[in-house]
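Mind docking chain W on chain H? Use the hints.
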Amino acid sequence: DTGVSQDPRHKITKRGQNVTFRCDPISEHNRLYWYRQTLGQGPEFLTYFQNEAQLEKSRLLSDRFSAERPKGSFSTLEIQRTEQGDSAMYLCASSKGPPYNEQFFGPGTRLTVL
Amino acid sequence: KQEVTQIPAALSVPEGENLVLNCSFTDSAIYNLQWFRQDPGKGLTSLLLIQSSQREQTSGRLNASLDKSSGRSTLYIAASQPGDSATYLCAVRRDSNYQLIWGAGTKLIIKP
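Keeping their order, the protein sequence lines are chains H and W. With the numbering used here applied, the first sequence covers 1437 to 1550. With the numbering used here applied, the second sequence covers 3 to 114.
Just so you know, these hints were derived from the structure itself, not from any lab. Don't take every hint at face value.
[Said to hold, decoys possible] For lysine-lysine, the following BS3-like pairs were computed, each having C-alpha atoms within a straight-line distance of at most 30 Å:
1. W/Lys44 <-> H/Lys1507
2. H/Lys1532 <-> W/Lys3
3. H/Lys1532 <-> H/Lys1507
4. W/Lys70 <-> H/Lys1493
5. H/Lys1447 <-> W/Lys44
6. W/Lys44 <-> H/Lys1532
7. H/Lys1493 <-> W/Lys113
8. H/Lys1447 <-> W/Lys109
9. W/Lys113 <-> W/Lys44
10. H/Lys1493 <-> W/Lys44
11. W/Lys44 <-> W/Lys109
12. H/Lys1450 <-> W/Lys3
13. W/Lys70 <-> H/Lys1532
With the rest of the complex left out, here is chain H (with noise of 0.2 Å):
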């Protein structure tokens, strides 16, 4: 059983540049989570996915920032413009629909924005 997967596991880029990440969910998952997290704090809630659908967004996605899950298997998470503030780990998560729905999370993408 390979779980949550998430690449790249570091970025580091320069203001104003455009950076993607990607994440591969548990292959019998069908819901998909983005969470945003800084250091010290617990994660944020981004987006959410069921199948290909995506069903909620938070107000911190700004409109720099779009997910997709066009297969709704892997998702995409691509921030354009990046800012410093955008500086964080970007976590995904998966899980099965109820009552199985405990999420569990990729290892991080570490963005740092110069």
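Just chain W now, with coordinates in the frame of chain H:
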């Protein structure tokens, strides 16, 4: 608006002690509560999930309890070991909503 609080923010205890970590939430209408462990710079490992209808869950040396009416959950760690050193986070899922609402975590240090 649901708020999740974990106190203390940090805890240091000698190896071998039993300890309790606390999590409180403001809205008792939760679907479930999950405890996670996070090692420095790493992702989150799910430890225990308690459905709203359950009172407790156990896994090895870990026991999590849930009291919805008082808005509290505890994570009990028996016979602590240095390898238990990590940040422990709790998160609640709201009814009819798949978001997890998180506490800021308790950083636990077990001294050899």
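Results for each hint:
no. : hint                    : in the structure
1   : W/Lys44 <-> H/Lys1507   : 28 Å, holds
2   : H/Lys1532 <-> W/Lys3    : 26 Å, holds
3   : H/Lys1532 <-> H/Lys1507 : 16 Å, holds
4   : W/Lys70 <-> H/Lys1493   : 27 Å, holds
5   : H/Lys1447 <-> W/Lys44   : 15 Å, holds
6   : W/Lys44 <-> H/Lys1532   : 23 Å, holds
7   : H/Lys1493 <-> W/Lys113  : 42 Å, violated
8   : H/Lys1447 <-> W/Lys109  : 26 Å, holds
9   : W/Lys113 <-> W/Lys44    : 21 Å, holds
10  : H/Lys1493 <-> W/Lys44   : 24 Å, holds
11  : W/Lys44 <-> W/Lys109    : 14 Å, holds
12  : H/Lys1450 <-> W/Lys3    : 36 Å, violated
13  : W/Lys70 <-> H/Lys1532   : 24 Å, holds
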